[in-house]
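Asks: Letter by letter, the chains look like this.
2 protein chains.
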Amino acid sequence: TVNPDIASERQTASFSVEKLTVWLDGGVENTRTRRAVVEAIESDPEFSRENQYFQSQNERYEAAVRKAVHLQKKMHEMGWTENGPEYKYIYRALAGDVAFLLHHIFIRSISMLGSDKQIAKWIPLASRCQLIGSYAQTELGHGTYLQGLETTAVFDITTQEFILNTPKISAMKWWPGDMGRSATHTVAFAQLYIQGKCYGVHPFIVQIRSLRDHSLCPGITAGDIGPKMNFEHVDNGFLALQSVRVPRENMLSKFCEVQPDGTYVRWGSQKINYFTMTSVRISLLSDEVIVPVMKACTIAIRYSVVRRQSELKPGEQEAKILDYQTQQEKLLPQLAAAYAFYFINDYLQELFDNTYKEIQKKNFDMLPELHAFSSGFKAVVTQHCTSAVEICLRACGGHGYSLLSGLPSLYTKILASCIYEGENTILLLQTARFLIKCFMAASAGQPVPPSVTYLAAVKPRRCPAKNKLDFLSPDIYTEAYQHMAGRLISSTAAKLQDLIQSGVKKHDAWNQCTVQLAQAAKAHCHYIAVKNFAKTVEKLQTQAGIQKIMKHLCDLFALHGIFSNAGAFLHDGYLSGAQMDMVTASYLDLLPIIRKDAVPLVDAFDFTDKSLNSALGSYDGHVYQRLYEWAQKSPTNKQMSPAYEKYLKPLLHNKLSKL
Amino acid sequence: TVNPDIASERQTASFSVEKLTVWLDGGVENTRTRRAVVEAIESDPEFSRENQYFQSQNERYEAAVRKAVHLQKKMHEMGWTENGPEYKYIYRALAGDVAFLLHHIFIRSISMLGSDKQIAKWIPLASRCQLIGSYAQTELGHGTYLQGLETTAVFDITTQEFILNTPKISAMKWWPGDMGRSATHTVAFAQLYIQGKCYGVHPFIVQIRSLRDHSLCPGITAGDIGPKMNFEHVDNGFLALQSVRVPRENMLSKFCEVQPDGTYVRWGSQKINYFTMTSVRISLLSDEVIVPVMKACTIAIRYSVVRRQSELKPGEQEAKILDYQTQQEKLLPQLAAAYAFYFINDYLQELFDNTYKEIQKKNFDMLPELHAFSSGFKAVVTQHCTSAVEICLRACGGHGYSLLSGLPSLYTKILASCIYEGENTILLLQTARFLIKCFMAASAGQPVPPSVTYLAAVKPRRCPAKNKLDFLSPDIYTEAYQHMAGRLISSTAAKLQDLIQSGVKKHDAWNQCTVQLAQAAKAHCHYIAVKNFAKTVEKLQTQAGIQKIMKHLCDLFALHGIFSNAGAFLHDGYLSGAQMDMVTASYLDLLPIIRKDAVPLVDAFDFTDKSLNSALGSYDGHVYQRLYEWAQKSPTNKQMSPAYEKYLKPLLHNKLSKL
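Chains as they are written, first to last, in the working numbering: chain A, 1 to 659; chain B, 660 to 1318.
No lab work stands behind these hints: they were computed from the structure. Beta carbons: idealized from backbone N, C-alpha and C, even for Gly. Wrong hints could be hidden among the right ones.
According to the in silico footprint, chain A covers these stretches of chain B (three or more CB under 8 angstroms from chain A) [what the hints assert, rightly or not]:
1) 710-719
2) 865-875
3) 885-893
4) 1263-1271
5) 1301-1313
Reference excerpt, derived from the structure (chain B facing chain A, CB under 7 angstroms, subset only) [what the hints assert, rightly or not]:
6) T985
7) R1053
8) E1082
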């Protein structure tokens, strides 16, 4: 039986949930495959996450390794392959608590950066987990700034080996997943030296543990970096290298090579070494950022139609909290953002695929654009979604704060996405650098990529909207975003030039503009996200029911952005105060409209109860019963704490059992 | 030895750190006392927090009880009393991980709401921990909306008892601290029924566990609610009551009473029942919100002068990350806010003391204002400080995400402050209700409290500032905040009236304005915070060195608020776009000025290393060494995981130990 308060929400859906699900999946075949994978995984007790919220770091790690190993078997059993249609749904079905993600990045690095010979040697072993790999880039003292890495790899011409060293404590590799306790090998990034000359950072395959007994190899110091805010299941590790020798063949050499005589040869951009990171940045968005925010919305919105609190109409039953404007204003923009970023993911995937095709033909021309936008969107999407999950958590009040709600672990995990694979501010500034370059080029009449041609036409203008309904026109708001982004980019470019012309050194001038440059980069990404959403809705013409609600969400996403960044649109008078009041009115009007479909809109994400693992977010809405049931399973209720005998009993007034 | 990168920061301080510390403490006597308390507690190994980041929920709880009990002994030993000058420093010195906070709220409730007879009976027992109390207000189905509580207390005239019941699952008490495993008694809030008539929510003392063997009393179901995002050391509990009888004398009866014949008598406002909550709301700000944000700033700022990353000037040594404008813009406004809210705490304490004095004379007139502003500031300060801690965490990159940085636990703990003791949105709307009332009264020429007299004079105006230096004048920016708050309150009041006049029902109209009402309440509090900071700086005339840097911080706090809420100031043209550019310029100019004193400014908070418990934030700046040392102590490094033998060994290629 389903709680009637949530059941009633489903009876009034303005569209078919199943149709929306299928459309989001990209076709009925995909939906069928996804559900089959989820079913196969969730029905297998080896993959259970039932006790996850009660487990220690050691237990989480052990369970994650168990699952990773069992997954190998399962895939074989089910006939799933890395190239099959099922593959992309497995991680979603596992819901994250599985080991050896870095092992897969190890594989991806070798596949992308390794020579054919290296691929032939390492990939089969790695694919069968006959070795466990890791990806050792970050050091204690260096993260996003890769050029600063301090690990060294000196080519010894006499033995045809590289000698790897950790010259000081800050050079110790720190954070790589799967490295603390599992990995036998790693791709370690180090400064390559040949005959005293430094050739920059390169990747080397290094064995760190014995395959026979898992003991550390000679010259290796490694271990686990200890507790983190989440990722208890991952053994993020440290690694120090003391004169560790690897053969010449262990430097990944698809794009460059050290020849036996010490000659260094390169084919193509050195930047290609970072290409694994670009690819990871894009692929993490879906599983690690967008899926979690979709889950958080599902949990918070379902809970908000079951939770009744306070009187809305005097004398009536307490209202569902989703009927309060403030609750709508917390949750519905996050829901709209979840959809917006779901669509942005497709946009980035396409950009990536196109670039990759060219790279395989050794054409690196699209790399700067891909790098700029994968960086910018990684920053914008992770930042936005992290706030969104926090908002969802807080919108569930006290119960959201219980681990049993599922929200705290979604939050503590997604937060890391703002930091790993490139710190967000640094990434935004890389986007900004590209935008400023394009702006200068466009101003000089030079050609620029299509995504930034608008930079050629930045000028003072005013928004033509006359009433609040005008702001429900995608042309009106997309134009507003475009103008705003263009203004921020051009005014920052102007400030930069002014500073340089007034004698400030280039690097100082850049630094003095970085707050505004980061804003400009965000503005560009926000503009593209709005434009892409509107375009996606436009293409939906054949499915009227879905198009209508998607249009509402697109409007909400756009107007919420204007409402909450009002200053950027008011600053030069593009919008007047009166127009901003229209935006606000249209924005607030949308809330009760979307609220009616809020539950169907999250149902369409099609998460199972097991995948949500939330006492608040289950499909049936039996929130309080589930919280109570789950709480009783807590280890804190298993026995009387020793604290009673040790500390409390001697104090308590025990003359009488009752006072 | 101190890391030279942090040592150099201290040599150039523009003021005496010691003098600032003393001033913040309110005099040298206080500083001395505080340091003595901290020294006494930190030198006692029973209070050590050394392994805290490695402990399970059960271990944290046990340690917290041990500390709470040891504290009783320690206080006796040291001659510290609840009325002595040392008392207020104890909690800060313990740094939070101690049990029985709710026991103290139990004591406070009885002291404030109990009759003299009740106080005489219960307080001595409670003070000696001969019983452990809790405070059972929140239920599974009800939090902030106390009128909706479902627990019942029916007066049985024949036995002169109240019969307490949990009529349904949502009525179960849920969340009360110290209740899951420790408490023997609680103050339970329940709907009072006398002869079928409901008299609303009242507090009752209920025994829940035997004093002899700690078993649950008849009719009691209780336990721990399981894992949370933090507060592992607290046994937040659940409690169901099945026909539990307590004597008539157990209803707290300072302000109302049920007489033997069933007559209900009240002296004074019913709202006084919530007075404990008002008092808790104010007192939690200092220890649970402002101290944590000061700690987070200390950790992040110290780390940011030790961490060097990337080239700022080409060819030079990598720069301290605090030299980047973006890093300054993340951290320094949080530092300014920490100071601003430290001063607001004094403001609220004074308001509370004055009100309490009147209440003791049975004059309840100031209660609405106290309630409105304690609510509003609780919401604004907790929200602002929670974001601030998150910003500090993220500003430390990956290492901030390690529990060993201390930042994750500061964050997960402070986040709860947005929820407990009144959900923030609800609280803001209570503030808004008061402001709207005052605005209506002021518009009608009626008297209003001094803090809101500005509402009588809201009208269109323009800011007189002519250049960026004008924005360093407290009059200019305080005026801007005042105008902005007044405009938001008056325009929301107008919208409310328009809706009602157009036929929308009052409660619907209110709901449709709540997003804007919450904004208006925040704006008022922000204005008061700026004004109070400026006033505090003004009073500092005798200490020129400190006054100068405090003035900078006050300017930064104010301008950061305008910069990041630009829309609110631009909307009606109070500030022009050109003036906003001046604000931005002045704001950004302040960053490098304050950056010079950033380390001394956090040093002045005078936290010991033990109290920070952070591998990143220690006084000596030896960040990397400490991270490495601490990581090695992690239980994940104590032994090879059973996962190797069980899962990995069978898979790995073991023909050769080395590939």
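Asks: Which of the numbered hints are not met once you compare them with the structure shown?
Replies: Hint check: 4 fails alone, others pass.
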